[in-house]
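Going line by line, the protein sequences match chains A and B. According to our numbering, the first sequence is numbered sequentially starting from 364. According to our numbering, the second sequence is numbered sequentially starting from 76.
What the hints contain is simulated information worked out from the structure, not anything from laboratory work. A portion of the hints provided could be inaccurate.
Within a straight-line C-alpha distance of at most 30 Å, the following computed DSS-like cross-link-like pairs (lysine-lysine) qualify [claimed, not checked]:
(1) A/K615 - A/K676
(2) A/K403 - B/K131
(3) B/K131 - A/K449
(4) B/K271 - A/K451
(5) B/K365 - B/K390
(6) A/K629 - A/K672
(7) B/K275 - A/K403
(8) A/K561 - A/K453
(9) B/K271 - A/K403
One letter stands for each residue in the lines below.
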Amino acid sequence: MASPVPFDYSDRVLKPGYTSCLGCGEALAMRIVAQTVGPKAVYTNCTGCSEIFTSRYPTSSWSAPWIHSLFENSAAIASGVYYALKHKGKLEGQKVIAMGGDGGTADIGLQCLSGAAERGDDFLYCCWDNEAYMNTGIQRSSLTPLDASTTTSPSGKVSWGNDRPKKDMPAIMAAHNIPYVGVGSCGYYRELPRMVKKALSYEGPKYLQVHAVCPLGWRSDPARTCDLARLAFETGCYPLYEIIEGTTTPHKPPKEGWKPVQEYLKPQGRFRHLFRSADGEQRITRIQAQAAANIRKFYGDDAVPDFAKEAEKKAKEMTTAQA
Amino acid sequence: MAETQEILEGAMAVAHAVARCRPEVIAAYPITPQTHISEELSQIVADGDLDAEFVKVESEFGAASVVCGASAAGARTYTATSSQGLLLMNEVLWNIAGMRLPVVLACANRSLSAPLSIWCDHQDAEAIRDCGVIQLYAEDNQEACDQHLIAFKVAEDRRVLLPAMVNLDGFLLTHVFEPTIIPDQALSDQYLPPYKAVLKLDIDDPATFGAFTEPDKCMEGRWMVHDACRRSLPVIEEASAEFEKVFGRASGGLLENYKTDDAETILVAKGSISGTIKDVIDEMRDEGTKVGLMRIKTYRPWPGEAVLAALKGAKQVAVIERGGSFGAGGIMTPEVKETLYDAGLRIPVSGFCVQLGGREVPPDGIREIIDRVSSGEKQTAYEYFRLKQELLPDLVPEV
Ligand SMILES: Cc1ncc(C[n+]2csc(CCOP(=O)(O)OP(=O)(O)O)c2C)c(N)n1
Ligand code: SF4
Ligand SMILES: [Mg+2]
Numbered sequence: 364m365a366s367p368v369p370f371d372y373s374d375r376v377l378k379p380g381y382t383s384c385l386g387c388g389e390a391l392a393m394r395i396v397a398q399t400v401g402p403k404a405v406y407t408n409c410t411g412c413s414e415i416f417t418s419r420y421p422t423s424s425w426s427a428p429w430i431h432s433l434f435e436n437s438a439a440i441a442s443g444v445y446y447a448l449k450h451k452g453k454l455e456g457q458k459v460i461a462m463g464g465d466g467g468t469a470d471i472g473l474q475c476l477s478g479a480a481e482r483g484d485d486f487l488y489c490c491w492d493n494e495a496y497m498n499t500g501i502q503r504s505s506l507t508p509l510d511a512s513t514t515t516s517p518s519g520k521v522s523w524g525n526d527r528p529k530k531d532m533p534a535i536m537a538a539h540n541i542p543y544v545g546v547g548s549c550g551y552y553r554e555l556p557r558m559v560k561k562a563l564s565y566e567g568p569k570y571l572q573v574h575a576v577c578p579l580g581w582r583s584d585p586a587r588t589c590d591l592a593r594l595a596f597e598t599g600c601y602p603l604y605e606i607i608e609g610t611t612t613p614h615k616p617p618k619e620g621w622k623p624v625q626e627y628l629k630p631q632g633r634f635r636h637l638f639r640s641a642d643g644e645q646r647i648t649r650i651q652a653q654a655a656a657n658i659r660k661f662y663g664d665d666a667v668p669d670f671a672k673e674a675e676k677k678a679k680e681m682t683t684a685q686a
Numbered sequence: 076m077a078e079t080q081e082i083l084e085g086a087m088a089v090a091h092a093v094a095r096c097r098p099e100v101i102a103a104y105p106i107t108p109q110t111h112i113s114e115e116l117s118q119i120v121a122d123g124d125l126d127a128e129f130v131k132v133e134s135e136f137g138a139a140s141v142v143c144g145a146s147a148a149g150a151r152t153y154t155a156t157s158s159q160g161l162l163l164m165n166e167v168l169w170n171i172a173g174m175r176l177p178v179v180l181a182c183a184n185r186s187l188s189a190p191l192s193i194w195c196d197h198q199d200a201e202a203i204r205d206c207g208v209i210q211l212y213a214e215d216n217q218e219a220c221d222q223h224l225i226a227f228k229v230a231e232d233r234r235v236l237l238p239a240m241v242n243l244d245g246f247l248l249t250h251v252f253e254p255t256i257i258p259d260q261a262l263s264d265q266y267l268p269p270y271k272a273v274l275k276l277d278i279d280d281p282a283t284f285g286a287f288t289e290p291d292k293c294m295e296g297r298w299m300v301h302d303a304c305r306r307s308l309p310v311i312e313e314a315s316a317e318f319e320k321v322f323g324r325a326s327g328g329l330l331e332n333y334k335t336d337d338a339e340t341i342l343v344a345k346g347s348i349s350g351t352i353k354d355v356i357d358e359m360r361d362e363g364t365k366v367g368l369m370r371i372k373t374y375r376p377w378p379g380e381a382v383l384a385a386l387k388g389a390k391q392v393a394v395i396e397r398g399g400s401f402g403a404g405g406i407m408t409p410e411v412k413e414t415l416y417d418a419g420l421r422i423p424v425s426g427f428c429v430q431l432g433g434r435e436v437p438p439d440g441i442r443e444i445i446d447r448v449s450s451g452e453k454q455t456a457y458e459y460f461r462l463k464q465e466l467l468p469d470l471v472p473e474v
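Let the hints inform the model, and build the full structure from the sequences given.
As structure tokens, then:
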């Protein structure tokens, strides 16, 4: 047996010892992004899990300059940092990275982010999309997917959980005509460094959204975090792509073909209520139809598998029957 | 080098005084009656007369957040607002104070909605009274200009490191033309050297800002804001004394005591209403009434010792306010009472809200208040002065 190689954390931007849950996709994504960007950057953070699990006074995990102000102003704080460094002529060789959860980004912080993007402020904004307000106990956000049960969109006798589809946040950012919009995943963590480097090769506002599995909030097995994140993509539930200077490039399609959404939904407690009745099955059909539309949008109609088209047809019939 | 007076609108004068402070990052959002300050500053920057970043933010919340980030990165920063805008900044201002960032801002004091009113009162600034922002109040435009220099000086002092806000009455000062001296640039530079942050977001010396604390540590962090704010009192006096030395005119300070030495009745007020009050005092002095004014120039930190020294000889005190705590009493009135009470003094203190939403209080109103309190009238509750009964419909249902 080979003797154990001691870990060397000396070059880590985000030092180990932070207090995230086991299997936290957000921590994984943030660590990799920060490692790619490096210590020559100022990091700003929304209130939320990532802020809390890295900054308990006096034991910050951050070895780079880092600031957390409020829940909804990570982007505006980054703008302020950017203008200060610009004025002092210190931008050379130094980046500004803003970070926030899906709530801090797409809900309460959308205004500050839109303002910064519209102004053309030069920084990379990273949204850790774990699809709910996790830090406060799994409440729904506008990025919570359809039918996910959260503490404010619970499933119940007359509820299927979150009653709205996920907001298309990357499209909103792309509509600001910024040079880089990327949608990545903690399941494809090896690709994050490339995406970050690509983003940072452009001047101006950049937006990177990373699908981040939250075992606590999704009620999933912490050991399956990366596996689940990949399934989100492989079922068409969470498309991965980049919009670079207006041109959209989707992630290469799954090698073994698109999978039925059940494979992604079933291992998650937040969707468990869908697997308990025939009505629930109908709800899954709707989710499958949505996934079909996602696949069509990025890969064309030919790419949509038959089972998904079938689901689309059924979903349409259900809607017509209702009307 | 002589400084010359110009006839300038208040907001314009303030903008030019701010420019002399060489802020590096300015972020502001339009709101009447503040708007002329930020418009003029953006023009000054556009003309190349001030080397600064003027950030076109999408809201006052954004403005406060941008200056927060810029200040944390070591820049001298400035913003200006009013009313609803100040309240939109509220959350950030507490945060800025907690992170000990010396942001300077102006508040063109204006009423709060509803009903909507663009006119002056002090409810906006008083609503953020407790957040750790130093609050200075100007009586006239010259003072508003000078207090900006003093605000930067105090805020950036290592013994303080807190945000500071200069209050100037909306319209009554911002839109009024007065002869004003714009502080000379060379003198301003001498008075206010470039800002050097003690701690900043610096890749060569990284620090964590805005960490979270658990109950065993949080209270001390918050107390330090309180302590720094209290400690700024002598620093404000020092900075005001130095201002006089450099510019040759007195400005700033904690209080102005106008004919209070032998006064039996002392009024307490802040802001531009003091001008009217002084006129009435002059008239009544001629008639033999011993009345004076203690004008609050520094409202936060509360200059308790100076207040006590000014009021302790009075027979009665009347606090003239432009705000109130709905469902309770005044804002400043209880503070004056507390100061006297703590010193064991039982001088009767009456409180009057004389204006909300810009209604004029004519000299005869001030005179009436002085007459009433001087005659020994005892107040049972904070009074909203000269409410128009005919405008109060029977909206209140009979219980
Ligand atoms: C103005 C304000 N409203 C609400 C909160 C409470 N709060 C803190 S974090 C949070 C949710 C964070 O969710 P998200 O941004 O998705 O980050 P996550 O914790 O999921 O990583 C909420 C609601 C707050 N801190 N500030
Ligand atoms: S609650 Fe979720 S996002 Fe938060 S630390 Fe735990 S796993 Fe990560
Ligand atoms: Mg979240």
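The hints, checked one at a time:
no. : hint            : in the structure
1   : A/K615 - A/K676 : holds (26 Å)
2   : A/K403 - B/K131 : holds (27 Å)
3   : B/K131 - A/K449 : holds (15 Å)
4   : B/K271 - A/K451 : holds (12 Å)
5   : B/K365 - B/K390 : holds (10 Å)
6   : A/K629 - A/K672 : holds (20 Å)
7   : B/K275 - A/K403 : holds (14 Å)
8   : A/K561 - A/K453 : holds (22 Å)
9   : B/K271 - A/K403 : holds (21 Å)
The structure meets every hint from the earlier list without exception.
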